[in-house]
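Number of protein chains: 4
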Amino acid sequence: MLHRVAILGASGYTGAELVRLIATHPTIEIVALSGDRKAGMAMAEVFPFLRHLELPRLARIEDINFADMDLVFCALPHATSQAVIRELPRALKVVDLSADFRLRDPAEYQKWYGKPHAAPELQAEAVYGLTEFYREQIEAARLVAGTGCNAAAGQYAVRPLIAAGVIDLDEIVIDLKAGVSGAGRALKENLLHAELSEGTQPYSAGGTHRHLGEFDQEFSRVAGRQVRVQFTPHLLPMNRGILATVYVRGEPQAVHGALSVAYEHEPFLEVLPFGALPSTHDVRGSNFVHVGVVGDRIPGRAVVVCALDNLTKGSSGQAIQNANLMLGAEETAGLMLAPLFP
Amino acid sequence: MLHRVAILGASGYTGAELVRLIATHPTIEIVALSGDRKAGMAMAEVFPFLRHLELPRLARIEDINFADMDLVFCALPHATSQAVIRELPRALKVVDLSADFRLRDPAEYQKWYGKPHAAPELQAEAVYGLTEFYREQIEAARLVAGTGCNAAAGQYAVRPLIAAGVIDLDEIVIDLKAGVSGAGRALKENLLHAELSEGTQPYSAGGTHRHLGEFDQEFSRVAGRQVRVQFTPHLLPMNRGILATVYVRGEPQAVHGALSVAYEHEPFLEVLPFGALPSTHDVRGSNFVHVGVVGDRIPGRAVVVCALDNLTKGSSGQAIQNANLMLGAEETAGLMLAPLFP
Amino acid sequence: MLHRVAILGASGYTGAELVRLIATHPTIEIVALSGDRKAGMAMAEVFPFLRHLELPRLARIEDINFADMDLVFCALPHATSQAVIRELPRALKVVDLSADFRLRDPAEYQKWYGKPHAAPELQAEAVYGLTEFYREQIEAARLVAGTGCNAAAGQYAVRPLIAAGVIDLDEIVIDLKAGVSGAGRALKENLLHAELSEGTQPYSAGGTHRHLGEFDQEFSRVAGRQVRVQFTPHLLPMNRGILATVYVRGEPQAVHGALSVAYEHEPFLEVLPFGALPSTHDVRGSNFVHVGVVGDRIPGRAVVVCALDNLTKGSSGQAIQNANLMLGAEETAGLMLAPLFP
Amino acid sequence: MLHRVAILGASGYTGAELVRLIATHPTIEIVALSGDRKAGMAMAEVFPFLRHLELPRLARIEDINFADMDLVFCALPHATSQAVIRELPRALKVVDLSADFRLRDPAEYQKWYGKPHAAPELQAEAVYGLTEFYREQIEAARLVAGTGCNAAAGQYAVRPLIAAGVIDLDEIVIDLKAGVSGAGRALKENLLHAELSEGTQPYSAGGTHRHLGEFDQEFSRVAGRQVRVQFTPHLLPMNRGILATVYVRGEPQAVHGALSVAYEHEPFLEVLPFGALPSTHDVRGSNFVHVGVVGDRIPGRAVVVCALDNLTKGSSGQAIQNANLMLGAEETAGLMLAPLFP
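Residue numbers (our numbering), protein chains in the order written: chain A, 356 to 697; chain B, 356 to 697; chain C, 356 to 697; chain D, 356 to 697.
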């Protein structure tokens, strides 16, 4: 049985990544693509790497007939998704890849995104899309909110530790290294090759990055009390990949054990042997997550490192994994592509 | 029906690329892997990006039982394949990815590789593995010789032009830009990140590159007379990808027409609209080839540009495509993965 | 004696490169900087890598007092220089880094740049800034036109060969590989790190690149007859550097000899031993040019390869070298910085 | 007055960087170069980027006449310096760039480097080469030990904070991002372009990196009690540059103030305005260090970020700065080169 889907915002990186993954998906068929400023163009013009595929032309959202579809992937820019999704037929399932429905609390949304939410009723309904921790709710959901890519990397390292009670909740430092595609196809000087290659720098430091809203919401929920982490992301000269280096207080072996147990049956989560740490090279272009733990020389302290591909497991791969659950397909369908190395 | 295969030389890049592609191949199963110096190790230790797969441990070739296999991929270093393949059971089909069986003429082999061939009888039997031009012979072959990756790129640009008689055979210049993985996992100073990134240089210039042996053999065969091209490869700071910029004498539209006709029904060859030229970004990690043509301002001259991924279509993807034909599988099985972009 | 200069257009890459080089120049002092859209800002805000220097703030051109200056470097965008330079005091020497005064013939300017020249009287006066070939005129000039960076690389490889009569004038192919800073600080999708790194593609192919105007003008002038070359530039994933691979017809040793003689006493031109070819890695950040020659296996054909840094010798270093001559300073003053490797 | 120097170990990156910097140094003259395995070769063969310089050929150390020299830079591999330096004439000043004399305590040396020190009497005499904090001792020293490049970056961020008493000494986390040239010209798979570009990973995590020996020694000395930090270095796809992100407990403004005061008169240390954080792009190829501070959202916590070039300020630039002091030259002589950007 084929599932008919539309991708809204197909001219950005997460939209293109959805198309890339669906290209070899056994049961999902793309029947509409939107791309506002590029409406009317063929995808092969916008993304020549997709030219071997037969795809619908980019259309304006208002010209798309959603009548006979099963699901919509909404890869629109932050703050524009909410209005669009509100207008979609209620019968349609929706996976949103923007930040619009990640935070459940309207006040938190306003705090981190600077304006009131336009569809608070949907905000309440949306399920947070970190598949491994919300699987049952996602299966039953109409609207799933894709997580932030950095937020996903941090949570894969930390959530099981909070749940297992093996770390100090007040002493969590997440130092994160992110590839540039996480910033999207934005025309900014600091994203130019000439200014980004061969160097690195922090950004949104000091507790100002919006994904902190997700950390706060999710970690506090798991802990049953307020948890606030320190978080410094860095921009690296690589296109894909996030490496989260997390400093925690807890017995290293207990930390490793909690992760091993939590991910034992997960198809995409690989916990490395104790002492081994992951590399973003080993997950590039794939839906896999590698997590490793090492003990510090200072007793009672551990370093947890998590690597994933921001566009795949951090965004579009996660979206397809969730869509698979929502559509009743095999959860891993279309997602078992091995990473690209070298 | 499953096809059982071994990969000899699985600890190098082309070996790992075979595993990557077979990971999602519907009918090929890997039953043995060899890696001489790394025998005994798990693939996850040698290539952590493959750790989600259940794979046999690396073995020494002499410890592999070839009895119940259908096909062997031989990804050993140049000059070592010939002795190994000579000892394999005759019932086994073999796809060799080394240079050992690319040249049919023992004298040419000695000229370009500097020593006599150890298995000239197999040399005569081997079919040259440029799929689109040897499809029927490959289907019937026991031993197929994978092409040089640079040689493949140049031939996709030029062969149909020679066959169609639309270019001057004595005025062909191939200026080629190659990613570093084509040099293999070799420990050389010029392949270090510090010495390769952020710059470029030619190598094996002046008619000394070994892939000229393939150009000579194949172009002369198609032309029915001796054809010798100029060929300058350059090493670029990118891991995958070959871009061949070919300067020819001929009517540009006729050149474009000859390519369009030749590749009209080919599943992996994409001829761009006249005037559009390809980018290696658009084929990375895939089995697709993009070819474009532009006319020069000097009448009667054209530039043909061909882009492919050296490890995929230039090597391991080609090998699987050929194996599919030899095994009676769907030619494109396991190879429709879209390129990775960005 | 100090020379007082202004840099107009200091917020772009060539402007910043001028400041970088002048930072250790013994006799040049920067007394004014312009940057239209960033007027009022400190250079340390626009280019933090210059924050250790005491520099004037960016001003609007109309707010600069040119009264007591010796020379102006004009690093404004193409087509805007001509109007600005026309209004500068006649007593001021000017080195223009834009394309505005490279072509002497107004018709050629219009052909390549698409509109009439606004200051044809200055166009006639301007001296073409390829220092090694116009040294005496530059010493006496009021207005010197910096060359195109690609045009410089091609000319260093070819000019002496035309002058010495050792090559066929109708069979010159220049295949060029260029780093991305040559495109300036422009906000374009294809210059983003995510779309440029790890791949390559041609641009302005088929005889459409504007630097062909310079090749036509200069090569024809040296030859005393019309010379038209083929020229295909490629964009490479590197920030600095141009490698021009030039295919010529001529005796390789004669070709090497002509270059060796021409550059024997040049402080910045290094001709490699016959058979050795240069790398852009070896000139990065410097004013040096490396040129090498190899003979092809086809008799009577040679490949000449030239490497330089587009921002230094291809633009701002050349500009300072010319300014040194115009100001009566040591020609090499401030320019003997060794390349940055690795 | 010219200072005559030798560089031992000139075929590695730090040796080449010394030559690069000395090329425009006003008073230092290179009179001998050693390179064991490459003895007899010209530097232009080993490092073509230096071919414009007139340099002595590489010699074996035993063939060098040290009689009329002022100073020797010893850029030999770790553990080989100590035996060589012991044999040098006592009248010679020595700047050692290896790890051999960084630790004063023989027991600490053995702990971190795995064997007894061969010249413990020199170990006691050596002055630790972090110029800004040992300036007077360096001026008077015969033997100065260059610091680890990572150790330098961490100390520039933290030393003044310990000295000023503005941070908690038991809660210091240094998460460091390092370019690949810090690993030297070593032939290792993980340093190949194909395995390093486009990704990142930690190394020597969990308190095992040897530069911890320096942190322990120096921080404890400043504090007057034992201080042990957490330290996780990461390998980044960039050739030069170190970014140390340091998590401390203290009032952010006090932290910024302590750094501002400490570096107020330092020629190479730039403290950014409060809230601004540095980039390695802005110090590449230079002797400058940029330091920034931001306050975390959690009160009483701050993030200090330090950027420097590992080969320049982290190694060879530091060595020349120290040599300048030892030779009575201007401290900044030859070191005011602006960074290379882009």
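Hints are computed from structural coordinates only; laboratory data are not their basis.
The structure presented is a predicted model; accordingly, all values stated were derived computationally and were not measured.
Treat the hints loosely; a few may be bogus.
[As the list claims (entries may be wrong)] In silico DSS-like pairs for lysine-lysine, Cα to Cα no more than 27 Å straight-line:
| hint | chain 1 | residue 1 | chain 2 | residue 2 |
| --- | --- | --- | --- | --- |
| 1 | B | K543 | D | K448 |
| 2 | C | K448 | C | K543 |
| 3 | B | K543 | B | K470 |
| 4 | C | K466 | C | K543 |
| 5 | D | K470 | D | K543 |
| 6 | A | K393 | C | K543 |
| 7 | B | K393 | D | K543 |
| 8 | A | K543 | C | K393 |
| 9 | D | K448 | D | K393 |
| 10 | D | K393 | B | K543 |
| 11 | C | K543 | A | K543 |
| 12 | D | K543 | D | K466 |
| 13 | C | K393 | C | K543 |
| 14 | A | K543 | A | K448 |
| 15 | D | K543 | D | K393 |
A quick look at each hint next to the structure:
Between K543/B and K448/D the alpha-carbon distance is near 35 Å, which puts this suggested pair outside the 27 Å criterion. Annotation: proposed proximity of K448/C to K543/C is violated, straight-line Cα distance about 34 Å (limit 27 Å). Taken as a hint, the K543/B and K470/B pair is honoured in the structure, with Cα atoms around 23 Å apart against an allowance of 27 Å. At most 27 Å may separate the alpha-carbon atoms for a hinted pair to count; K466/C and K543/C meet this at roughly 25 Å.
Note on K470/D and K543/D: the hinted pairing holds, with a Cα-Cα distance of about 23 Å set against a maximum of 27 Å. Using a Cα cut-off of 27 Å, the hinted pair K393/A and K543/C holds, with the two alpha carbons roughly 15 Å apart. A threshold of 27 Å between alpha carbons decides the hint, and for K393/B with K543/D the separation of about 15 Å falls inside it, so the pair holds. Between the alpha carbons of K543/A and K393/C the distance comes to roughly 15 Å, so the proposed pair stays at or under 27 Å and holds.
A distance of roughly 25 Å separates the Cα atoms of K448/D and K393/D; the hinted pair therefore holds under the 27 Å criterion. Straight-line distance between C-alpha atoms of K393/D and K543/B comes to about 15 Å, which keeps the hinted pair within the 27 Å bound. Of the supplied pair hints, the one linking K543/C and K543/A holds, its CA atoms being roughly 9 Å apart against a limit of 27 Å. Straight-line distance between C-alpha atoms of K543/D and K466/D comes to about 25 Å, which keeps the hinted pair within the 27 Å bound.
For the proposed pair K393/C and K543/C, the alpha carbon gap of about 19 Å is at most 27 Å, so the pair holds. Note on K543/A and K448/A: the hinted pairing is violated, with a Cα-Cα distance of about 34 Å set against a maximum of 27 Å. For a cut-off of 27 Å, the pair hint linking K543/D to K393/D stands: about 20 Å separates their Cα positions.
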